[in-house]
Structure formats: C-alpha cells, structure tokens
Amino acid sequence: MIETVLIFLTRLLTGAVARGREFSFEPYEQRIYYANHTSHMDTLLIWTLIPRSQRTDVHPAAAKDYWWTSPVRRYFAEKVFHAIPVARQREHPDDDPLRDLEAALAGGGSLIFFPEGTRGAGGGVQPFKSGLYHLAASRPGVTLVPVYIDNLNRVLPKGEFLPVPILCTVLFGKGFAFNPSETKSEFTARAQANLEALAPK
Amino acid sequence: MRLLHDSQFLVFTALLLGVLILASAVGHVLEGRATTDKGREVVANLNARIRAWWGMVAVFVVAVVVGPIGSIILFALTSFLALREYFALSPTLRGDHSVLVWLVFVILPVNYLLVATKWYGLFSIFIPVYGFIGLQARAALSGATEDFLNRTARIQWGMMVTVYFVSYVPALLMLQIPGYSGNGQNFKLMLFLITVAQASDVLQYIVGKLFGRRPIAPLVSPNKTIEGFVGGVTLASLLGAALYWITPFAFWQAGIISLAVCLMGFAGGLIMSATKRDRGVKDFGALLPGHGGMMDRIDGLCFAAPVFFHLVRYFFD
Chain V
1 MIETVLIFLT RLLTGAVARG REFSFEPYEQ RIYYANHTSH MDTLLIWTLI
51 PRSQRTDVHP AAAKDYWWTS PVRRYFAEKV FHAIPVARQR EHPDDDPLRD
101 LEAALAGGGS LIFFPEGTRG AGGGVQPFKS GLYHLAASRP GVTLVPVYID
151 NLNRVLPKGE FLPVPILCTV LFGKGFAFNP SETKSEFTAR AQANLEALAP
201 K
Chain C
1 MRLLHDSQFL VFTALLLGVL ILASAVGHVL EGRATTDKGR EVVANLNARI
51 RAWWGMVAVF VVAVVVGPIG SIILFALTSF LALREYFALS PTLRGDHSVL
101 VWLVFVILPV NYLLVATKWY GLFSIFIPVY GFIGLQARAA LSGATEDFLN
151 RTARIQWGMM VTVYFVSYVP ALLMLQIPGY SGNGQNFKLM LFLITVAQAS
201 DVLQYIVGKL FGRRPIAPLV SPNKTIEGFV GGVTLASLLG AALYWITPFA
251 FWQAGIISLA VCLMGFAGGL IMSATKRDRG VKDFGALLPG HGGMMDRIDG
301 LCFAAPVFFH LVRYFFD
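Chains as they are written, first to last, in the working numbering: chain V, 1 to 201; chain C, 1 to 317.
Honestly, the hints are just simulated from the structure, not real lab data. Be a bit skeptical, because a hint or two may be false.
[Unchecked claim] Here are the simulated distance ranges between beta carbons:
hint	chain 1	residue 1	chain 2	residue 2	range
1	C	H310	V	R73	34 to 40 Å
2	C	V19	V	E196	48 to 54 Å
3	C	G55	V	H82	43 to 49 Å
4	V	G108	C	P218	57 to 63 Å
5	C	R213	V	R52	39 to 45 Å
[To be verified] List time: in silico SDA-like cross-link candidates among lysine to any residue, alpha-carbon distance up to 25 Å:
hint	chain 1	residue 1	chain 2	residue 2
6	V	K201	C	L238
7	V	K158	C	K282
8	C	K282	V	P200
On a predicted model such as this, the values are computed, not experimentally measured, just so you know. Ideal Cβ positions, reconstructed from N, Cα and C, are used throughout, including at glycine.
Construct all of the structure, not just a fragment, from the sequences and the given hints.
See below:
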C-alpha cells in the first residue's frame with residue numbers, strides 16, 4: 001500500500017521512466033547501481049524504477065545520521081526501502097562504514113549507492129570518494145551500473161521541504177565489471193567517466 | 001449521472017465512438033498496406049495516436065459523467081501535468097524553487113477552486129493580477145537577482161499557459177446562458193470546444209499528410225503546411241457548424257465561433273512549436289504515446305479556450 005502510494009506520487013511529480021538502450025533489468029543479476037546525488041529523492045526515484053520482483057533484493061545505502069534518527073524515517077528506511085545504514089562519521093577509528101553494505105553483497109543482494117558521498121548542487125558530478133571502489137573490490141563478480149539522474153535537483157533541491165512537479169530523466173548505462181588489475185584511482189576515474197557519459201548534452 | 005438521460009450527449013458520444021472505431025479500422029488497414037520503412041513508421045505513429053485517443057476520450061467522458069467536479073479535477077490535473085513539462089523545458093534556477101512551490105500549491109488550487117465556486121469576477125483576474133504580482137514578489141523575496149526579469153517572465157508565462165488558459169475549459173461551466181445553462185447543459189460547450197479544437201489539429205495533420213506541399217512556417221514547424229492549415233481549419237469549422245445542435249448557437253454562429261477556435265488553436269500550436277524549437281526538443285514529453293507530452297496535445301486547446309469563453313460570454317451570456 002505504502003509502496004503503491006510512493007510510486008504513484010513519485011511518478012506524478014517526475015514522470016520518470018527508466019531509460020537506457022544498453023541496459024535491461026532482466027534477467028536479474030547482482031548489481032551495484034551507482035548514481036549522481038542531487039536530491040533527497042534520488043534513492044526514492046531509483047527505487048520506484050526497479051521492477052517489483054527485484055525490489056526487495058535491491059538495498060539503497062542510506063545515511064545513518066539522517067534515516068535512523070526518527071521512528072518514521074527509520075520505518076521507511078528499513079521496512080519500505082530495505083535500506084542499509086552507512087555511518088558518515090566513524091564512531092571508532094577502526095569502524096568500517098561499508099561493513100553492512102559488503103555484508104549485503106555477500107548475501108546476494110544488490111545496492112543503490114551514491115559515490116559522491118553527499119548531494120551536489122546539480123551542476124555536474126562531484127569527484128567520487130573511494131567507497132565504490134571498496135565495494136566493487138570486495139565482490140568483483142558484481143555488475144556495476146551507472147545511473148544518471150537529471151533534473152531531480154529542481155524537483156526537490158537541497159534544503160527544501162516541498163517538491164514541485166518537473167519532468168526528470170533517469171538514464172541507466174551499460175553494466176560493467178570490476179577489473180582486479182586496476183588501481184583505485186584508475187577504477188574510480190573509469191566509473192566516474194561512465195556515469196558522466198550518460199549526462200544529456 | 002443525469003447526463004445518461006441527455007439524448008444529445010448520448011448521440012454525441014455515439015458519434016465519437018463511431019469516429020474512433022472508424023479511425024482504428026483505417027489504422028488497421030493501413031498497417032497491412034505500408035511497404036516502406038518510412039511508411040511503416042508513419043502508420044505505427046498514427047496507430048499509437050489513435051490508441052491514445054481512445055484513452056483520452058474514455059478519461060474525458062468519465063470525468064464529464066461524474067459531473068462538474070469531475071471536469072474541474074480533470075483539468076486541474078491536466079494543468080499539473082502540463083506544468084511539469086513546461087518547467088522541465090524552461091530553465092529555472094535554485095532561487096526559483098519557492099516561487100514554483102507557490103505556483104503549484106497555492107495559485108493552481110485557488111484558481112480551480114474559483115472555477116468550482118463559479119466566482120467569475122475573481123477567477124478572471126486572480127492569475128493576471130494577483131498571480132503575476134505575487135509570483136514576482138516571491139521571487140524578489142528569495143533574493144536571487146541573477147537574470148531576474150527573464151526568470152520571472154518565464155515562470156509567469158508558464159502559469160498563464162498551463163494554469164490560467166487550461167482552466168478556461170472547465171470555466172465554461174460557470175457561464176449563464178438563457179435557456180441553456182439553466183438545465184445544466186454547459187458541459188456540452190466543453191465537448192464542443194474540445195471537439196473542434198482537437199478536430200482542427202487532427203484534420204490539419206491529415207490534410208497536410210495527404211496534400212501538404214508548401215510549408216507555412218518552415219523555420220518553426222516544418223510539418224505544418226498551407227494546404228493542411230486551410231483544409232484542416234475549413235473542415236473543422238464546418239464540423240463545428242454541424243455540431244450546432246449541442247450548443248446555444250445557430251448553425252452560422254457555431255461556424256464562425258469554430259473558425260475562431262481553429263485559428264487560435266493554430267496560433268497556439270505555432271507558439272508552442274517555437275518554444276520547443278528554442279529549447280531544442282521535438283516534444284514536451286512522452287506521456288501520450290504517438291502524441292508526445294500533455295502540452296503537445298493541448299497546445300491548441302489552451303489558447304483557444306479563453307477566446308472561446310469570452311466570445312460566448314460576450315455574445316450569449
């Protein structure tokens with residue numbers, strides 16, 4: 001019920017459908033969808049585009065310091081989105097913020113991940129942090145899928161509470177594999193280039 | 001539900017169904033005849049359009065049968081969908097967000113509320129006066145001065161086209177025409193306006209495809225031809241005249257008013273084509289397969305609606 005309402009409202013505001021000629025959701029395989037981060041609604045939008053049969057297997061990475069601070073947000077994060085908490089600040093120097101995400105991958109799940117770490121202003125993709133590399137390296141068999149979200153920062157910009165209706169485009173790029181012989185910076189540059197290549201001119 | 005006992009409405013709906021069935025049949029025959037790739041593409045697009053027409057007609061008939069509130073909600077939703085397409089194309093800045101919030105959550109609902117309560121005096125000036133000043137003031141308050149006049153003008157024009165003009169269709173329900181409105185027949189003015197405006201579009205398309213040679217505005221819309229324009233507008237005006245029996249107009253009056261609707265609709269189509277060309281896109285969206293977005297389907301209608309409303313109000317109210 002909540003799912004249906006969320007999907008309806010998101011469609012009504014953004015009109016978004018999954019686009020991308022070189023990508024297909026079927027057949028299901030383990031994937032890391034990584035996207036540019038421009039709005040609080042990014043996770044919601046990608047989540048609504050994942051086919052229903054795959055939705056429970058796809059786990060968005062969500063900021064622990066935002067989603068796990070109120071009972072309502074926590075309910076949505078855990079019960080609706082099947083999200084996985086990521087601590088942006090380490091409580092102990094030895095903590096691995098990606099531990100739970102790696103565990104989800106090890107359990108056969110897929111992830112939605114925002115490698116820029118924080119929301120940009122919408123003026124282009126920010127430099128990736130190293131999280132995507134560590135995730136991909138932990139499970140080299142998982143397919144990486146770049147997802148470019150266009151216009152959503154205008155629907156709900158950073159710091160705003162009410163969204164406005166504006167058509168958005170979500171482009172899914174061709175999936176690619178992690179290459180163990182690549183260095184961290186080579187991998188990150190390639191992943192970032194694959195995402196930026198999807199941006200409409 | 002009273003509409004189901006209105007014989008004019010039933011005859012009109014039956015005719016409309018007949019036209020749709022005929023169109024689907026023709027589309028089916030053409031599908032087997034197309035031999036070239038280009039031809040198959042045109043026929044596939046035509047059939048997608050016809051299928052979308054079935055959906056649009058069904059939604060509209062249901063809304064009308066529900067009653068005035070059904071039509072008002074339908075057009076409020078139409079405004080909403082048109083607005084999200086318009087602002088996807090029209091560049092706005094971060095500082096415009098609060099202005100758009102006011103437009104969507106205050107001005108749009110209030111405008112349709114005024115239609116629902118039949119408060120004509122305030123409806124007619126609410127957006128042109130209060131909306132224009134209010135949005136500009138909100139934009140100034142947000143403090144973003146970069147490109148100020150251009151930005152606010154774009155938003156104001158979007159409000160005008162997608163909200164104000166569109167709402168003139170259900171606004172027809174508030175006209176008081178002696179011997180007509182008393183029996184709650186105004187919804188047939190909506191049927192008349194929409195039928196003539198859309199028939200004008202469709203007939204210009206068909207005549208243009210069959211006989212079009214000379215482009216009428218090659219730099220704006222290469223598909224619009226003089227032959228299509230003259231033929232489509234003439235046929236749609238005659239169709240409007242022939243539909244005089246669902247209106248309070250005489251045969252010749254229905255013809256002249258239909259001509260005005262067709263000409264305004266043509267102007268609207270041209271204006272929106274110029275807008276799309278400026279932004280480098282072919283369609284406003286992909287909501288209606290074959291047609292494009294909502295704005296692509298209603299561009300003519302939303303420019304014809306206010307003129308139709310005021311002609312009828314001036315001469316018949």
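Against the structure, the hints come out as follows:
Between C/H310 and V/R73 the CB atoms are about 51 Å apart, so this pair departs from the stated range of 34 to 40 Å. Range check, C/V19 to V/E196: about 49 Å between beta-carbon atoms, so the 48 to 54 Å window is met. Here the CB-CB span from C/G55 to V/H82 is close to 34 Å, at odds with the stated 43 to 49 Å. Judged by the Cβ atoms, the range 57 to 63 Å given for V/G108 and C/P218 holds: they are separated by roughly 58 Å.
Look at C/R213 against V/R52: about 51 Å separates their beta carbons, and that is not inside 39 to 45 Å. Distance check on the hinted pair: V/K201 and C/L238 sit about 46 Å apart at the alpha-carbon level, beyond 25 Å; violated. Annotation: proposed proximity of V/K158 to C/K282 is violated, straight-line Cα distance about 31 Å (limit 25 Å). For the proposed pair C/K282 and V/P200, the alpha carbon gap of about 15 Å is at most 25 Å, so the pair holds.
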